[in-house]
Amino acid sequence: MVQATEVGHSSPAVHSQTRSEICEPEHRCNTTCSATNTQDIMREKLKYALYRVLFTTLALLPFRVLYCISDGVRMILQHVMKYRRGVIRMNLRNSFPEKTDEELREIEQDFYKQFADNIVETAKLLHISDKQVDRRIKVECGEIVDRLIEEGHPVVMYLGHYANWEYVPAVVRHFSKPRLCAQVYKPLHDKAFDRLMLKVRSRFNPVSLPQERVFRTMVRWHRDNVPFIIGFVADHRSNSSVSHHATTFLGQHTPFNPGGEEIGKHVNAAYLYLDMEKTGRGHYRMTLKPIKPRSLEGDSPYTRRYYEMLEETIRRRPGLWLWSHRRWLYQ
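Numbering (full-length UniProt numbering), first residue to last: 1 to 331.
Hints listed in this document are in silico derivations from the structure and should not be mistaken for laboratory results. All values reported here derive from a predicted model rather than from experimental measurement.
Straight-line distance between alpha carbons at most 25 Å, and here's what the computed DMTMM-like set of lysine to aspartate or glutamate pairs gives:
| no. | residue 1 | residue 2 |
| --- | --- | --- |
| 1 | Lys82 | Glu108 |
| 2 | Lys82 | Asp101 |
| 3 | Lys278 | Glu106 |
| 4 | Lys138 | Glu311 |
| 5 | Lys186 | Glu308 |
| 6 | Lys177 | Glu150 |
| 7 | Lys113 | Asp275 |
| 8 | Lys113 | Asp194 |
| 9 | Lys199 | Asp134 |
| 10 | Lys265 | Glu151 |
| 11 | Lys45 | Asp194 |
| 12 | Lys289 | Glu166 |
| 13 | Lys113 | Asp134 |
| 14 | Lys131 | Glu277 |
| 15 | Lys278 | Glu103 |
Generate coordinates for the entire structure from the input sequences, incorporating the hints supplied.
What follows is the structure, given as structure tokens:
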């Protein structure tokens, strides 16, 4: 009887003790997880503060000082860190098999110069006047956007990672008809730096849309008769090694994601290409051009024509493109 009582009908004290023993590890886990989350939040806040101080310090400097810093950054990236040198050289060799080693080295050198300039110029966006922007950024054919909006077409604007694409939102200063200007972006893995870049990219007041929200947002704007222009930097790597869409870009088989074009069909959009030229250090000319496919037959004619137009831009001055990107990773 005693044995049965101990096993089958434990006393309240024993039962309470057992429950406490069971709950104690769970309580410790919750406490540990809560402490870890707090530490993560504090770490992200500290990182953001450090990034913000660094970028703000750079932004307050005049351009002539920034470019002295850029020259130093370029030396470190190219000769000390050898930043993605293997990727850059492989991409250049595969894209320009006809060029000599010396010609490829010149393009590589130009890339590092532009890449370093992009860093300081992008930081400068935190503290740059409209007067400085207008002096450094020239826009041609901006009136085409107003005309398309008047005709009832939202505008899908394609561009590439060429020259300093972070200054492209400045084109909105040359439009009057779109009520909304938006840019598509891919959130960065570093949440603190992603937060800072969203702050930097807000200089010209565009709406920044993460990729997963683009379709629903564009359809809603169109349904609500909101005139808008949205920019797609569409030369990044396709998300999958298996793609039903591919073209020849810089002499290489290149899978692509036609998302911008597909969404554009749902909202009766017009498609433009932003051609960018560097006219001096920190000075850019942007020209808006209609994308006119060679044929409307086949899949994704506007995206294919965009890649052709981008290649023409790159071949004109190849060192300004983002060669460090693993564009052909799946080949």
